[in-house]
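Chemist: Sequence:
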Amino acid sequence: MRACAPVLAVLVALAAPLARAEPDWFASVYTPGGIEVRADARVFTLFALFNRAGYDAGPLRREYPVPAYRYSPARVHVREALAGADASVLQRAQAFFDAHPLPLERYLALTVRMEDEPELPAELRELEGLEALLDRVDEKWPVPVLRTETFEEYRGAMRSYLAVLDGPLHRAQQILRVPESGPGVRVVVNLLGEEGWVRAFRTGTGVALVVGPAKSPDMERLVWEYARLLLPQRVGEQAQARWAAGPALLKEAQGLGAREATVGEYAVALVSRALALAALEAPDSAYEAASRQGYFGLKALAGSFADSRPVDAWVLEGLARVGSGHPSRK
Numbered sequence: 006m007r008a009c010a011p012v013l014a015v016l017v018a019l020a021a022p023l024a025r026a027e028p029d030w031f032a033s034v035y036t037p038g039g040i041e042v043r044a045d046a047r048v049f050t051l052f053a054l055f056n057r058a059g060y061d062a063g064p065l066r067r068e069y070p071v072p073a074y075r076y077s078p079a080r081v082h083v084r085e086a087l088a089g090a091d092a093s094v095l096q097r098a099q100a101f102f103d104a105h106p107l108p109l110e111r112y113l114a115l116t117v118r119m120e121d122e123p124e125l126p127a128e129l130r131e132l133e134g135l136e137a138l139l140d141r142v143d144e145k146w147p148v149p150v151l152r153t154e155t156f157e158e159y160r161g162a163m164r165s166y167l168a169v170l171d172g173p174l175h176r177a178q179q180i181l182r183v184p185e186s187g188p189g190v191r192v193v194v195n196l197l198g199e200e201g202w203v204r205a206f207r208t209g210t211g212v213a214l215v216v217g218p219a220k221s222p223d224m225e226r227l228v229w230e231y232a233r234l235l236l237p238q239r240v241g242e243q244a245q246a247r248w249a250a251g252p253a254l255l256k257e258a259q260g261l262g263a264r265e266a267t268v269g270e271y272a273v274a275l276v277s278r279a280l281a282l283a284a285l286e287a288p289d290s291a292y293e294a295a296s297r298q299g300y301f302g303l304k305a306l307a308g309s310f311a312d313s314r315p316v317d318a319w320v321l322e323g324l325a326r327v328g329s330g331h332p333s334r335k
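Letter by letter, the sequence shown follows residues 6 to 335 in the working numbering.
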């Protein structure tokens, strides 16, 4: 037994770095201001599964004769590698999706919280069983290997955020009166999602901003989503009940491509996008571009952020200026 001891010691020494290999590939990097930027193994697994199950969202690169979409190289590699993956896992996943026909964002909201919270959040118990499904995907499909094979592309995307996050997010936090104690922010890079896609979620430790692949960081969209998440709920509630010009403006905005479905949602989108442009110290051309997309009066709203009152105390006054400054077309 003693003769085996040196051999065992070598095996243990080798096992330790191997066990750490995958987390090390996805270790966080930090901006000078301390904002965490990372890749998330669970998010990778979730979107590997989505892609294998038929998730095709992305910019259209060819419409005819059959639509084709543009994907990041990492996403192309993962889709090709999983094309022949164990079909029984896919069948199990499809059965889970049939039993839980919820928006993709609900699945992602739970996934980004798995690491922070050992207990399933009450509001996400409708997806109980998802973690076990992702464990099965990791076990039966070559997902851990694919994480390693896409490491360089992920790491490059993560580094691209380091020099651009601190200033805009700090200014957004000042406008929103976020205390220095938090909530903290982490940016999760997801190269298996739709190009230019950004979503913000509350987690047990702060805010997670999940960003899709992009040629360069879309800071306007990122800060817009951050502000949308942190705006007081009363902003939308007050607008829904009392913004007189809201219905007409929303209808016009939808005609230009705005996706908000209610007056309250549209008001939150206006205020949060105005805040993003203010935090970015954006030029007039950015406000004009937003107006062409259906987000009117952002310059007037941005001027309201100098008000010392909380946003929900002046929001109706600000929205009234949007309405008066942009009469609806007949």
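Keep in mind that the hints were calculated from the coordinates and are not lab data.
Among the clues, some could well be false.
DEER-style ranges, computed between Cβ atoms [claimed, not checked]:
no.	residue 1	residue 2	range
1	R207	D140	23 to 33 Å
2	W319	E144	47 to 57 Å
3	G211	G89	17 to 27 Å
4	D103	S329	13 to 23 Å
Where is the CB? At the ideal position from N, CA and C, for every residue including glycine.
Chemist: Of the hints given before, which are not true for this structure?
Modeler: 3 and 4
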